[in-house]
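Undergrad: Residue numbers (full-length UniProt numbering), protein chains in the order written: chain A, 1 to 216; chain B, 1 to 213.
Just so you know, not all the hints are guaranteed correct.
In silico lysine-lysine, DSBU-like type, Cα no more than 35 Å apart, as pairs [unchecked claim]:
id	chain 1	residue 1	chain 2	residue 2
1	A	Lys182	B	Lys41
2	B	Lys155	B	Lys182
3	B	Lys153	A	Lys42
4	A	Lys42	B	Lys121
5	A	Lys106	A	Lys121
6	B	Lys121	A	Lys113
Covered stretches of chain A (chain B as the covering partner; in silico rule of three or more C-beta atoms under 8 Å from a C-beta of chain B) [to be verified]:
id	segment
7	60–66
8	73–79
9	86–93
10	103–111
Since the hints were made in silico from the structure, they are not lab data. Yeah, the Cβ is synthetic: ideal placement off N, Cα and C, and Gly gets one too.
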Amino acid sequence: MAIKVHGSAFSIAVMRVFACLNEKGLEYEFVRVDMRAGEHTKEPFLSLNPFGQVPAFEDGDLKLFESRAVNQYIAHAYADKGNPLICQDPRKMAIVSLWMEVEAQKYDAPAAKLTRELIIKPLLGMSTDDAIVEEQEVQLAKVLDVYEARLAQSKYLGGDSFSLADLHHLPTMNYLIGTRVKAVFDAHPHVSSWCADILARPAWQKVVAMKNNQRL
Amino acid sequence: MAIKVHGSPLSPAAQRVLLALAEKDLEYEFILVDLRSGEQKKEPFISINPFGQVPGFEDGDLKLFESRAITKYISHAYADKGTPLIDQDPKKQAIIGVWLEVEAHRFDAVGQKLNFELLIKGFKGLTTDEAAVEQLQGELGKVLDVYEGRLGKSKYLAGEEYTLADLHHLPLINNLFKTKVKALFDERPHVGAWCAHLLARPAWQKVLEACKF
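This is chain A alone, in the form it adopts within the complex (with noise of 0.2 Å):
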């Protein structure tokens, strides 16, 4: 096949990709990497990203690693297929750009750190740090305040469609909304209804599903 993912189901930026090729409709062949045995460090995992991060992405003989730039290729590419997830006019494809850099630059940050403290630590047997926690959702609390009065305005962050920009948050979101985060999340009505509409997509159910049929 193709088109290629190498990484683990539950990784939060394979998961990433996992959602994009959904949308599209787009067939393709998932390479587990034993993260536990560390082989993502490793050659020949390096060599299709050297910085030794999952995922690595392969479409026929293009490789590709950084799971936002993957997608964007992805969204262009097959343009034509399934979900339209980005914007040909430069003007509305600026505004799906902006809050792609929004998603990446502040809402990332302290949605990583929690979904790190709160989920995978407790899977890998370590201990919490509560003041980490408290910390993060301030800055969280802060970042949704902003998303709180874009979503009043806009059904989607990009616009009046569902596109990139919406979808990059769907990994943490997931994870963040089945812990005490979700208070944070519900605490502004319309960023509440939002992530409530996009983690009903299909496409995205069908990733949740693969990441519970994974063994860790």
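Place chain B on chain A using the hints.
TA: Here is chain B on its own, set in the frame of chain A:
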């Protein structure tokens, strides 16, 4: 004038946008935002960027923030002007996309903290945390090792041509070269040569001229 940039000439993020405009030979109006008095946290700036950070950007009635979204917009909307910064072929653009993410998530994350410790703190009369600097230098070294490997295979990060992926690095490289961190770049010959090419670009010289005050 249709294009306006709101920011501070000292801000690397604002410089990133000015550089893209210079590469494209585009005219713009620069509106100074006084960071020292916290102007970026108040109206009218906050309506342009609700996160209260420079730069803000306007092109007619389009209002944007986040420098990397702005430069992408400029690169696509003005694809036929000045230096090409993106590629119309999706597979070639995908490689540019990878290195755009690497700059944003790996280089910038460490580079910004070093910039803060070694340059901004001094400006604000605060003391540099030397232990933090040592650790950050170690992290930056590892990132630059990957760059060294990459730039041993191609002249620029995404291939043989200069693209937006290279451009985004310039403001921080320029700043870090004023500090002891320059040694990390000089120690890696391909990285060193790449930096020299970037810093010599006429468009960057134009930005440095525009940012003097």
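Undergrad: Next, verify each hint and record whether it holds.
TA: For each hint, the structure was consulted:
At roughly 28 Å between alpha-carbon atoms, A/Lys182 and B/Lys41 fall within 35 Å of each other, so this suggested pair holds. A hinted pair counts as satisfied when its Cα atoms are at most 35 Å apart, and B/Lys155 with B/Lys182 qualifies at roughly 20 Å. For the given pair, B/Lys153 sits about 20 Å from A/Lys42 by alpha-carbon distance, which is consistent with the 35 Å threshold. Between A/Lys42 and B/Lys121 the CA atoms are separated by roughly 38 Å; this puts the pair beyond 35 Å, and the hint is violated.
At most 35 Å may separate the alpha-carbon atoms for a hinted pair to count; A/Lys106 and A/Lys121 meet this at roughly 22 Å. This hinted pair checks out: B/Lys121 and A/Lys113 have alpha carbons roughly 26 Å apart, not beyond 35 Å. Counting residues of the segment 60–66 of chain A whose C-beta lies closer than 8 Å to any C-beta of chain B gives 4; at least three are required, and the coverage claim holds. Against chain B, the segment 73–79 of chain A contributes 3 residues with a C-beta closer than 8 Å to a partner C-beta. That satisfies the three-residue criterion, and the hint holds.
Coverage of the segment 86–93 of chain A by chain B holds [criterion: at least 3 residues with CB-CB distance below 8 Å; count 3]. Note: the segment 103–111 of chain A has 3 residues with beta-carbon separation from chain B under 8 Å; the three-residue rule is met and the coverage holds.
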